[in-house]
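Asks: Line by line, the protein sequences are chains A and B.
Numbering of the first sequence is given in this note's numbering, commencing with residue 353 and proceeding in unit increments.
Numbering of the second sequence is given in this note's numbering, commencing with residue 34 and proceeding in unit increments.
Since the hints were made in silico from the structure, they are not lab data.
Backbone N, C-alpha and C fix where the C-beta goes; we use that ideal spot for every residue, glycine too.
A couple of the hints might just be wrong.
[To be verified] Sample of chain A residues lacking proximity to chain B, with all beta carbon distances greater than 10 angstroms (derived):
hint, residue
1, 398
2, 408
3, 672
[As the list claims (entries may be wrong)] Calculated pairs, BS3-like style, for lysine-lysine (alpha carbon to alpha carbon, straight line, at most 27 angstroms):
hint, chain 1, residue 1, chain 2, residue 2
4, A, 541, B, 175
5, A, 405, B, 175
6, A, 549, B, 175
7, A, 549, A, 517
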Amino acid sequence: MSRPRISALSLCFGILFAAGPGLAAGPASSAPPLLERIKAVSREGEGNVEAAKAWKELVQIGPRALIDILVALDDADPEAANWLRSAVDAIAERALAANRPLPAAKLEAFVKDTGHSGGARRLAYEWLTRVDTGAPSRLLPGMLHDPGSELRRDAVAMAIRDAQKLLERGEKNTARDAFRKTFAAARDKDQVDLLAKELKPLGVEVNLVAHFGFIQKWLLIGPFDNSAGSGFAKTLPPEKRIELSERLEGKKGMPLRWSEHTTTDPYGTVDLNKALGKHMGVIGYGYAAVESPSERPVELRATSNNAVKIFLNGREIFFREEYHHGMRMDQHVGKAKLKAGRNEILIKVCQNEQKEDWAQNWSFQLRVCDALGGAVPLKLLAEKPTARPVEGGGQ
Amino acid sequence: MKRLLASLSLCLLATPAIGDDWPQFRGAGGLSVSDETGLPTKWSATQNLRWKVALPGRGLTNPVIANGRVYVTASSGYLESRLHVLCYEAESGKKLWERQFWSTGITLCHPKTCMAAPTPATDGERIYALFATCDLFALDAKGDLLWYRSLSRDYPTVGNNVGMASSPILSKDLLLIQMENAGESFVVGIDKRTGKNRWKIERKREINWATPILLRTGDREDLLLQSGPGVAAHDAATGKQRWIYKGGASNLASPVAGNGLIFAATGGVTAIQPSANGAEPKVVWSSNRLQSGYSSPVSYRDRDYAVNSAGVLNCVDARDGKPVWQQRVKGAYSASPVAADGKIYVVNEEGLTTVVETGDQPRILATNPLGETILATPAIADGAIYLRSDQHLFCISERK
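Chain B extracted, bound-state conformation (with noise of 0.2 angstroms):
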C-alpha cells in the first residue's frame, strides 16, 4: 500500500508552483501552499507592513500575483453594478491600472458575500476575471481588454440569487470554469486566446461554490469537479468525464490533491484514491474532524489542516486520517487556511491571523490583528503575505 501511494504520488499531483507566484485561488494548483521561506511571523498596522492601498470595494477573492504585480478585483455600487479589475506593482503597492466594468447578470447575494466572489487567475501574461455576475474577462498584464463573455448573456438563466462563487482556473490554453447553480449548469473550457468555447458539459442545476483543481499525470491534466453529489475527474482538453467519485461531497469547500490522493471536503474530509482504469475511486479515508464550513482544508507536509466554524484548527495524518492535534484559534472564518515556511496562516473574519506551527504539537507563534474584515484567503508571493479585507490590500513583508 505505502508503495502504492509513494508511486501514485509522483504521478497524481496538483499542478505545481509557478515559480514564487500565486497564481488562482488558494495559489498554484489551488493548494493553498507556498515554497516561500523567511515569511513574517509577526504584524501589524505598524509592523512589517510594507504596503496597504485602499479598495473600491468588497471582495472574497484573493490576491493573485505573478511577474511582480498584484491583482485583485472588487465590486461595488448600489446593487452591486459594478466590477473592478485592479493592477498594483508587488514591490511598492502602487496603481498600476484599475479597469471597471458593469455587471450584466444577477447580482443579488448574500450579504456575506458579493460580486468580487471569484478569485481571477493569470497565466504571467494574462489575467481572467470571473465575477459572481457570470461577466468574464481577460486582460493582459497592461490591463488592455483582450476578450470579454457575459456569460448570463450566453446562457440567460445561469447564476443564482445567493451569490457564485467557484474560481476559475487555467490549463495549457484552456480557461476552465464550473457554473454550478439554479439555471444552467455547466463546466466549459473556454480558449484563453479567444475567449470561445472549446467544450462544454451540462452539470446538475444546483448550487455548488468548489472550485476545481487540477491534477497532472504525465503530460496529461484532468479537471477535478467536485459538487454535492460527489466528486468527477474530466479530461481537462476535451472535457469527457474519466472517472466519478460518488459518495457526496461538499458544495461549498474545495478539494486539495496530496501524496497520491484527492482530499475531498465532504463537510469533513474523504481521502479517495483514482484508480487507472476509470473505475470509482477507492476511499481511502474519512474523517469527520477536518470540517470546514466555507474555508477549504489544506495538505501540507503529509499532514492535512482545516479550520473549522467554531475555530478549531485540526490537524489529521494525511496517509491514514488519524488525528494527530487540534488547536482552537480565535473567531469565525471564511479564509482557507495557507502553509509555508513550516507554519499555518489562518485569518478570521475580523482580520486576525494566527500563525501555528506545524509539527506533532502545535504552537501558536503570533497572532496579528488588522482590525478589518477579511473573508479572502490570503496569497503568498516574494516573501510577502498579501490580506485583503474589505476596504484594504495588505502586503505584509519583512522586507521593506
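Only chain A is shown next, with the shape it has when bound in the complex (with noise of 0.2 angstroms):
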C-alpha cells in the first residue's frame, strides 16, 4: 500500500517542478493584468502592496514573460518603469542562475524595433548581451541614429573607437568622415566635446551652437529687484507680456530697456554680469523669438547656477529655485510643444546676494532641442528693441 502513495506523491512534486515556480506558489500565467497592476501605482506609495504582489507574480512566470514586460514599458510611467524594469533583472538574472535560457531571439528583435522605447529596447540589449557576447559588434554599427539614447551612445562610442583605430592606422581622411559622420549622430555632451577634439587637427572646426541648437541671440533686460530672493516668486513685466519698445522701472527705480545680445560663447552662454552689469539680489530676462515650421514636441533645456523659470509663450514650462549648487549643461528641462510659426521664449534668470566668489555666476544658457539633445529646425527672427513685434507679443 505504501509504494502507491509514494508514487502519487512523486507525480504532484513532478507535475509542480514541470510547471515552475509560478503555479507552484499560486495563480500566476498571464503577464498583461499583472502589468495593469503595477503600473497603476502612483504618488506617495498608492499602489505598492499591490504591485509588489503582481511584480512577485509575474517574476514566477519566468523568461516568457520578459517581452511582454518590456512591451509594457513603452508607455509606462518612470515610477512603474522601475517596477517593470527590476522584474525584467529578477527573471533573467534567476533564470541564468538556474541555467535556463533567455528568449535571445526574441530581445534581438525587440532591441531592433525602434517603435519601442529606448529605454526597454536598451533593458532588452543588456540582457541579449550577456547571453549573446557577439550582439553588439552586430547591432551597433546601425545604430548611429536609434531614437533611443542609450543605444545611441553605445553605438557613437563604437564608432569613436573605430575611427580613432583608423587614425592609429594612419588613414587620416577615412577617419575624419567617420568622426564627422559620429559627430552628426552625437547628442551626449562628453561624446560631442571629443569628437570635436578629434576633428580638430584634421582642419574640421564644428559649431557646437548649431549642433546643440543654442540660442544665441537674445533680447535681454535688467537687473529687477530680487532682494531676499523676493523677485522669484513675482510675476514681473517681462512675464506679463513682451513690449520690446517699452521702459520698465528695475531695481531702485533704474529705468531699463530691452537690449540685443550675441553671445560668442562656444556653448552659447550668455553672461548676464557683463551683459547687464554686475549686480547682486537681481533678476535679468533673456527673449527670442523662433519660427518653427511645424507644431511639435520639444525640450527647453537650460544652465545655470542661479535661480530660473523657462516660459514658452507665455506660459512657465520650468522652475528651480536653487542659488549656487552647480552647474551641468541641460540641468534645467522644460518640456513643452512649439506652435507652426512664431514662438516666444523667455527666461527669468535670478541672482541672489551670497558674498562668496564662487557665487558670484549669473549666467545661463539655453537650447531648444528634440527629447534625444538633437537641435530642431527653427529661425530665430531678427526683433528689434525698438519695433514692436508684428503680432502682438506675449499672450
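Put the two chains together into one complex, using the hints given.
Replies: Right, dumping it as C-alpha cells:
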C-alpha cells in the first residue's frame, strides 16, 4: 500500500516542478493583468502593496514574461518603469542562475524594433549581450541614429573607437569622414566634445551652438529687484507681456530697456554680469522669438546656477529656485510644444546676494531640442528693441 | 553631576547593535562602533584579503551587513542615470543578486559625490535603499521589490544640485528619512511594510547632509535631527517635536551619542544633555578640536574622536571635552572613523587605512594601503572589515 502513495506524491511534485514555480506558488500565468496592477502605482506609495504582489507573480512566470514586460515599458511612467525593469532583471538573473535560457531571438527582435521605448530596448540589449557576446558588434553599427539615447550612445562610442583605430593606422581622410559622421549622430556632451577635439587637428571646425541648438542672440532686460529672493515668485512685467519698445522700472527705480546681446561662447552661455552689469539680488530676462516650420514637442533645456524660470509663449514650463549649487549643461528641462510659426521664449534668471567668490556667477544658456537632445529646425526671428512685434507679443 | 550623567547613560542610548550586523550608515545606531574583536590590523592587496569584488559604479555608501549578506549601492551611467542595489554573500563575496533602476530625480551633483551617497538601511529581512535622486526602494533579502517611492514625483522640487546624502534609518516599523534641501524639505516616517507615509514634517529649505540618529529612553525612540540651525528631537513614532537646541550645528557631519550625552557636530563637537521636560538641552562642553569636515565624530570608551580635513585625528575626554591627544594621520578624509577592538580605523581618500590603538597615548599600529579612492565609511561585521572604494568592495579578515 505504501508504494502507490509515494508514487502519487512524486507525481504531484513532478507536476509542480515541471510547471515551474509560478504554479507552485499560486495562480500566476498571464502577464497582462499583473502588468496593469504594477502600472497602477501612483503618488506617495499608493498601489505599492498590490504592485509588489503582482511583481512577485510576474517574476514567477519566468522568461516567457520578458517580452510582455518590455512592451509594457513603452507607456509606463517613470515610477512604474522601475518596477518593470527590476522584474526583467530578476527574471533574467534567476533564469541564468538556474541555467535556463533567455529568449535571445525575441530579445534581439525587440532591440531592433525602434517603435519600442529606448529604455526598454536598451534593457533588452543588456540581457541579450549577457547571453550573446557577439550582439554588440552585430547591432551597434546600425544604431548610430537610434532614437534611444543609451543605444545611440553605445553606437557612437563604438564608432569613435573605430575612427580612432583608422587614425592610428594613418588613414586620416577615412578617419575624418568617420568622425564627421559620428559627430552628426552624437547627442551627449562628452561624446560631442571628444569628437570636436578629434576633428580639429584633421582640419574640421565644428559649430557646437548649431549642433546643440543653443540660442545665441537674445534680447535682455534687467536688473529687476530680487532682494532676499523676493522677485523669484513675483510676476514681473516681462512675464505678463513682451513689449520690446517699453521702458520698465528696475531695481531701485532704475530705468530699463530691452537690449540686443549676441554671445560668442561656443556653448551659447550668456554672462549677465557682463551684459547687464554686475549686480547682486537681481533678476535678468532673456527673450528670443523663433519660428518653427511645424507644431512639435520640444525640450527647452537651460543651464544656470541661479534660480530660473522658463516660459514658452507666455506659459511657465519650468522653475527651479536654487542658487549656486552647481551647473551642468541641460540641468533644467522644460517640456512643451512649439506652435507652427512664431514662438516666444523667455528665461528669468535670478541672482541672490551671496558674497562668496563662487556665488558671483549670473549667467544662463538655453537650447531648443528634441527629447534626444538634437537641435530642432528653427529660425531665429530678428526682433529689435525699438520695434513692436507684428503679432502683439506675449500671451 | 557624575551621578546624573551615569543615570542618563543608562536610559539615553543610541539604539543598540543588532547582533554582529552593521545595518545602516555608520553601523548600529549610527555610532561607528562595533563590539567585534579579533579584527585584522594589517592588510593589503595580498594580506588578509578574504575577497574583493568589482562594483558596477561609484558610491559613498558604506556596505550594510545582516544575516550573512552584504548589501551595497552604486550609481553609474552617463549623467548618473543608473542606480544599483547589490547583495553579496558575506562569507565568499559571491554576488547573490543585483537590481538596477533608472534615476527619476535630479542627478547633478558635486564631482566628489554621486547618486549612491545615502547609505541603505536593513532590518535583516529587508533592505531600504535611498539614492541622491530621491528614489527609495525596499527589497527583501532575495531581491524582490517590495515597494518603491520616487520622492521627486511625490514632491517635485525635492533635491539639490550638489547632491543629497542623508541616509535613512529604521525605528521599529518606520523608515525615517531627512530630506533637507533647496526644494521641498521634510522629514518623513514611512511605513516600512507598505511604503506609505505615516507622518511628515516640514523642515527649513536648506541643504543638509547629516544623517539622523535615534535616542532610546525605555521603549520610546526619539529621532535626533541635526541641521544648520541646531539639533531637534522628535518622537520617532509621530514626528512630534520634543525639544530643540538652537545653538547651530553642522550640515555635513552627523551626530553621535554616548555617555548620556549627544555629541552634535558643530564645526567641532558640542556635547548637549537633553532634559526630560522638553526644555532646550544644556551644553555640557564644546570642543573646537573635534573638527571633522565631511566625516563624522565617533564616541568610544569614554573618548570622542574626529579626524579633520588636515589629517589630524583628535581625541578628547567624552565627559568633559578636555583634549587627550592628537595624532597626525596621512591624507584627506571623507569617510568617518570607526572604532572596534580597542582601535580606531581611519580611511583616507586614497584608500589608506591608519589603525590607531586607543589609550592615553595614540599608537599607530599599521597603515594599510589599497590604492583606490575611498570616500565610504568602513563597515565591521562577523570578524571582518568591509571597505568600499570607487571600484571595489573589499572584505578584510584574518579568517579565510
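Asks: Hint by hint, note whether the structure agrees.
Replies: Results for each hint:
Against the 10 angstroms criterion, residue 398(A) falls within the reach of chain B, whose nearest CB is about 8 angstroms from its own CB. With a cut of 10 angstroms on Cβ distances, residue 408(A) falls inside the contact zone with chain B, its closest approach being about 6 angstroms. Separation of residue 672(A) from chain B is inadequate, the least Cβ-Cβ distance of about 7 angstroms not exceeding the 10 angstroms criterion. The suggested pairing of residue 541(A) with residue 175(B) is violated, with an alpha-carbon distance near 38 angstroms, which exceeds 27 angstroms.
Of the supplied pair hints, the one linking residue 405(A) and residue 175(B) holds, its CA atoms being roughly 15 angstroms apart against a limit of 27 angstroms. In summary, the hint linking residue 549(A) to residue 175(B) is not supported, as the alpha carbons are separated by about 47 angstroms, beyond the 27 angstroms threshold. Between residue 549(A) and residue 517(A) the alpha-carbon distance is near 16 angstroms, which keeps this suggested pair within the 27 angstroms criterion.
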